[in-house]
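**Q** Protein sequences appear in the order of chains A and B. Reminder that position 43 of the first sequence reads as 43 in the working numbering, one-by-one numbering, no gaps. In the working numbering, each residue's number is its place in the second sequence (first place is 1) plus 90.
Worth flagging that the hints you see were computed from the coordinates, not collected in a lab. Ideal Cβ placement from N, Cα and C applies to all residues, glycine included. Just so you know, not all the hints are guaranteed correct.
For each label pair, taking beta carbons as the anchor points, the in silico distance ranges come out as [what the hints assert, rightly or not]:
#1 B:R180 with A:V47: 31 to 37 Å
#2 B:L92 with A:L2: 39 to 45 Å
#3 B:K96 with A:G39: 22 to 28 Å
Here are the simulated BS3-like pairs of lysine-lysine, each with C-alpha atoms no more than 25 Å apart in a straight line [claimed, not checked]:
#4 A:K31 with B:K126
#5 B:K121 with A:K36
#6 A:K36 with B:K178
Protein chains: 2
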Amino acid sequence: MLAAVKQTTTDLIGMLAGSLTTLSFVPQVWKTYRRKSAGDFSWLYVVAYTTGLALWLWYGLLIASMPVILANAVALVLLVALVGLKVKYR
Amino acid sequence: MLAAVKQTTTDLIGMLAGSLTTLSFVPQVWKTYRRKSAGDFSWLYVVAYTTGLALWLWYGLLIASMPVILANAVALVLLVALVGLKVKYR
Numbered sequence: 001m002l003a004a005v006k007q008t009t010t011d012l013i014g015m016l017a018g019s020l021t022t023l024s025f026v027p028q029v030w031k032t033y034r035r036k037s038a039g040d041f042s043w044l045y046v047v048a049y050t051t052g053l054a055l056w057l058w059y060g061l062l063i064a065s066m067p068v069i070l071a072n073a074v075a076l077v078l079l080v081a082l083v084g085l086k087v088k089y090r
Numbered sequence: 091m092l093a094a095v096k097q098t099t100t101d102l103i104g105m106l107a108g109s110l111t112t113l114s115f116v117p118q119v120w121k122t123y124r125r126k127s128a129g130d131f132s133w134l135y136v137v138a139y140t141t142g143l144a145l146w147l148w149y150g151l152l153i154a155s156m157p158v159i160l161a162n163a164v165a166l167v168l169l170v171a172l173v174g175l176k177v178k179y180r
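Build the full structure now, drawing on both the sequences and the hints.
**A** In structure tokens, the structure reads:
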């Protein structure tokens, strides 16, 4: 019983962590879209982060982990949008 | 033997993914430090992402996963630096 509660708490912390790091890009993409400015972003950052997300997604598919797949698929869509805005607004 | 090779490949993809999403913040922090400008960053993004990393680190400690602990500890240091630069340069 106590072990199950501990497991549930651990899972909740992991899910909250994944939701935050993934969904944090929603206000960022929105801000970049409105501001029409992306000069403060490093190209290396956006390209390396996007590539990393694609690899995370691949990893999630290989280990068949739905949370890893879901979090990284959503993040990848947001990052591709951010890269597109960075290409447009530099 | 084939299963072991497949496991090693999977691990390598995961490690490469973690290295990329974590280390991508090195050029970003460096660029923000040199450019002295962080106005393109959304406050919600930097705060939510940093909070998410702290929770990932906590999750890593709870499940005793050294890769999760290591990747998120390094990323957290970089994000705290980015938040500091964002406070300074807005």
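**Q** Now, for every hint given, state plainly whether the structure supports it.
**A** Comparing the hints with the structure gives:
Between B:R180 and A:V47 the C-beta distance comes to about 25 Å, which lies outside the given range of 31 to 37 Å. Taking 39 to 45 Å as the suggested C-beta distance range, the pair B:L92 and A:L2 conforms, at roughly 41 Å. Between B:K96 and A:G39 the beta carbons are some 43 Å apart, a value that contradicts the proposed interval 22 to 28 Å. Taken as a hint, the A:K31 and B:K126 pair is honoured in the structure, with Cα atoms around 19 Å apart against an allowance of 25 Å.
Under the criterion of a C-alpha separation no larger than 25 Å, the hint pairing B:K121 with A:K36 is consistent with the structure, at around 19 Å. Distance hint between A:K36 and B:K178 is fulfilled; the C-alpha atoms sit about 22 Å from each other, no more than 25 Å.
The structure fails hints 1, 3 (numbered hints given earlier, in ascending order).
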